[in-house]
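**Student:** The primary structure of each chain is shown beneath.
Number of protein chains: 2
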Amino acid sequence: MNRFMQLAYEEAMRGMNAGAGGPFGAVIVREGEVIATAHNSVLRTNDPTMHAEIAAIRAASAKLGRFDLSDCELYATCQPCPMCQGAIQWARLKKVYYGASAEDAAQGGFDDAAFHANPPTMEAVDSDEMRGLFSLWLQKPDRQGY
Amino acid sequence: MNRFMQLAYEEAMRGMNAGAGGPFGAVIVREGEVIATAHNSVLRTNDPTMHAEIAAIRAASAKLGRFDLSDCELYATCQPCPMCQGAIQWARLKKVYYGASAEDAAQGGFDDAAFHANPPTMEAVDSDEMRGLFSLWLQKPDRQGY
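These protein sequences, in sequence, are chains A and B. Under my numbering, the first residue of the first sequence is numbered 1, with each subsequent residue one higher. Under my numbering, the first residue of the second sequence is numbered 1001, with each subsequent residue one higher.
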């Protein structure tokens, strides 16, 4: 087994056995060095965003002191869900290794396809006023792009 | 202006003026009561996941002591990005009000369409072993679905 995937597996087992959340683990590696390991902790933390991948990205960013993880790789025990895929791209991770597929997860009781089949109602309100925030942003001389 | 959207706007202004991150604010409301307000703090926290919506969801879950926010509504100054849309659905929010559109954000320098046009490489590794985690999960008598 790939040694980083092995670590991700052990994280998943640790989280599952502790009742932290589902059987998911993730590891972030930079130049062959482990920067962060994490497991799903949605149940323990009561935080719906605490998937293993997000937790690992947050830990790695905290450790490296930057939100840009473009020099890192992610190992995840399962194919990332749409939320985590988004986080991976905002973190600028360029390479993701994953173990089980989304279909495997669905059979295990974690079906994000079914979950996302019933999206919330979205309604636009006060769009002109809110659009104005971007005009103010673009006038800031010290703004940082990201 | 809708009073909750006004609060989201004020949060966006607060975050932008403090240099916390981009001009984005979010508010979570339950039965007419504000449960959480948050702004983007990607720059201040060095955390790429700290979009206003995610920060508001985390704060609301912490306050209510549960990851299920299906009795809450979200107000966001801008249309949520794919990561935040995923978080919204995992939090089971049923209604989202947003101000500016994704196109407005793109013109303001926040183009998640362009960003997501260059996804990371994904590669399956050790799939059989990782799939085994779900078998272990399904054998847990005390497992909680979520």
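Fair warning: there could be bad hints in the mix.
Over the 10 Å line for every Cβ pair with chain A, so calculated as not near, a few chain B residues [to be verified]:
1. 1029
2. 1088
3. 1123
4. 1131
Partial list, derived from the structure: chain A residues whose beta carbon lies under 10 Å from chain B [stated by the list, open to error]:
5. 5
6. 13
7. 30
8. 32
9. 34
10. 35
11. 47
12. 65
13. 80
14. 91
15. 95
16. 99
17. 101
18. 107
19. 123
20. 137
It should be emphasised that the hints constitute simulated quantities derived from the structure, not laboratory data. Note that the Cβ used here is the ideal one computed from N, Cα and C, for glycine as well.
**Student:** Would you list, in rising numerical order, the hints stated earlier that this structure does not obey?
**Tutor:** 2, 3, 4, 7, 8, 9, 10
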